[in-house]
Each structure stands twice: as C-alpha cells, then as structure tokens.
Amino acid sequence: MEILSGFASIVDFFDFLMVQGHLTLNYIIQEAGVRFGDEIFSVLRDPVASVVSMANYVASRLMADPMGTYPDTRQWLDELGMECLPKDRSDASMRAVALAVLCDDRIAHVNPICHYLGDGTSESAINNIVVNNVELTDTLRYDRWLEARWNVCAGSRINQSLPILDRDDVIARLRDRVHYLCSEDFKIFEAVTSRLDTRNTVSIKGHDLA
53 MEILSGFASI
63 VDFFDFLMVQ
73 GHLTLNYIIQ
83 EAGVRFGDEI
93 FSVLRDPVAS
103 VVSMANYVAS
113 RLMADPMGTY
123 PDTRQWLDEL
133 GMECLPKDRS
143 DASMRAVALA
153 VLCDDRIAHV
163 NPICHYLGDG
173 TSESAINNIV
183 VNNVELTDTL
193 RYDRWLEARW
203 NVCAGSRINQ
213 SLPILDRDDV
223 IARLRDRVHY
233 LCSEDFKIFE
243 AVTSRLDTRN
253 TVSIKGHDLA
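Positions in the sequence shown are counted from 1; adding 52 to them yields the numbering used here.
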C-alpha cells in the first residue's frame, strides 16, 4: 500500500509515467495496479544468450572487484566458496568461473522470462501477457522498435560484459543445464519470435498470442 500511495500522490502531475526495474509483472499488477490506458511492454532476449550474458556479467563484476568489496560480488564469491577471485585471470580460469556461476542455482536465473512475466511457468506468463495485452519485441528488433514506437534512436551500450563465455561454450559443455535453466522460457521466446517473423513487424501485442 505504501508503494500505491506514493504512486497516487504523483500520478496527477504527469501525462506519462514509466515504471521499470527488476520487478515482476505480478508485483506491478498487485502492488501498483494497471489502470485503463496503461501500457506494458517487454523486450525478450534469446534464453541461451541471456544465460551466457548473466554468467559473463557476474564474472566481469568479479574481475572488476576481485576482493568482493561490494555486496553483490561478496555474495557471489561466498556462494562460489571463494574468499576472493583467484590471481589467475587467464581466459581459461575466467571461463571456469563463469561456468561455475551457471551451475549454481543461487546465482543462475531459472526461466527469467517466465519469472518476470508470470510465476515461473510458460502458462502463467502467456496468461499474464494475454490478459494485460503486453507489447513484446525481442533484442533483434529492439533498435527498430525503439525508433518506430518511441521515435528514439538507439544509443551505445554502456553495460556490456566481457565476452568470457560464448554460446558454443555453454551448449557444448552444459546442454542439460541450459535446458533446466531455459526450458519454460524457450516456449515463450519461440512463440513470440515466430509471430514476429510471420508478421514481419517489430512488435506484437498479447492478444496476438491468444
């Protein structure tokens, strides 16, 4: 209620408000509410690319803070059973760290698309997408969608991780693990990209998945 109260206190002063962050759709619906006329959109990333990016992000952060002086890096080191990042920062050593990240359920995200858009299952995510008519695009079409939808030219990426792992590293070594981490997300991603391809458009709405 505190969140809803704060939202209500400012909403009359703006024509447009954007609510964004690492929040689940269920949380936004339940805590802030979705008013008539509100629009929800989400940008989907290929699940395997997302897994690789997450591992590279954690490993890159650890390279930048090898002693774990920040809360996030300290937590990751503790979960990996390390006091600090080993002095060996060779490509092979950092690949081993990134692969260890992928194999730790406390760090790796399981089906993040379905987690943020539903309750972790593809069925719940599709239901939320359809009921709330969520607009969806993917990273392949993101720049074009930004320009077409918001008249915004894409800028440079400022949070790009080091390319420690690539797709082939993960698929070749951890095929079963990738399936565990992404099995439900694959269903959503394939359904959305299939319709985007068929319609040759930069985005679709939730009702298109009904």
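If you're looking for bench data, these hints aren't it; they were derived computationally from the structure. Treat the hints loosely; a few may be bogus.
Listed next, the in silico EDC-like pairs over lysine to aspartate or glutamate satisfying Cα-Cα at most 16 Å (straight line) [unchecked claim]:
#: 1; residue 1: K239; residue 2: D171
#: 2; residue 1: K239; residue 2: E175
#: 3; residue 1: K239; residue 2: D190
#: 4; residue 1: K139; residue 2: D156
#: 5; residue 1: K239; residue 2: D157
#: 6; residue 1: K139; residue 2: D171
#: 7; residue 1: K239; residue 2: E91
#: 8; residue 1: K257; residue 2: D117
#: 9; residue 1: K257; residue 2: D171
#: 10; residue 1: K257; residue 2: E91
Pair ranges (Cβ atoms, derived) [what the hints assert, rightly or not]:
#: 11; residue 1: V95; residue 2: F66; range: 21 to 29 Å
#: 12; residue 1: S57; residue 2: R158; range: 40 to 48 Å
#: 13; residue 1: W202; residue 2: P123; range: 29 to 37 Å
#: 14; residue 1: A144; residue 2: G58; range: 45 to 53 Å
#: 15; residue 1: E242; residue 2: D171; range: 13 to 21 Å
#: 16; residue 1: A200; residue 2: F66; range: 20 to 28 Å
Remember, it's a predicted structure, so these values are computed and weren't measured experimentally. Just so it is clear, CB atoms sit at the ideal spot from N, CA and C, and this is done for glycine as well.
Do the hints match the structure? See the list:
1. As the CA atoms of K239 and D171 are separated by approximately 14 Å, the hinted pair is consistent with the 16 Å bound.
2. The straight-line distance between the Cα atoms of K239 and E175 is roughly 9 Å, inside the 16 Å bound, and the hint therefore holds.
3. Restraint check for K239 and D190: the C-alpha separation of about 14 Å stays at or below 16 Å, so the hint holds.
4. Pair hint K139 plus D156 does not hold up; C-alpha atoms about 22 Å apart against a cutoff of 16 Å.
5. Distance restraint check for K239 and D157: the Cα-Cα separation of roughly 21 Å exceeds the 16 Å cut-off, and the hinted pair is therefore not satisfied.
6. Restraint check for K139 and D171: not satisfied, since their Cα atoms lie roughly 40 Å apart, outside the 16 Å limit.
7. For the suggested pair K239 and E91, the alpha carbons sit about 23 Å apart, so the restraint of at most 16 Å is broken.
8. Proximity of K257 to D117 is assessed by CA-CA distance (about 41 Å); at most 16 Å being required, the pair is judged violated.
9. Restraint check for K257 and D171: the C-alpha separation of about 20 Å exceeds 16 Å, so the hint is violated.
10. Distance hint between K257 and E91 is fulfilled; the C-alpha atoms sit about 10 Å from each other, no more than 16 Å.
11. Range check, V95 to F66: about 23 Å between beta-carbon atoms, so the 21 to 29 Å window is met.
12. Range check, S57 to R158: Cβ separation about 34 Å, and the 40 to 48 Å hint is violated.
13. The supplied range of 29 to 37 Å is met by W202 and P123, whose beta-carbon atoms lie about 34 Å from each other.
14. The hinted range of 45 to 53 Å is satisfied by A144 and G58, whose Cβ atoms lie roughly 49 Å apart.
15. Evaluation of the 13 to 21 Å hint for E242 and D171 yields a pass: the beta carbon distance comes to about 20 Å.
16. Distance hint check: the CB atoms of A200 and F66 are about 24 Å apart, consistent with the given range 20 to 28 Å.
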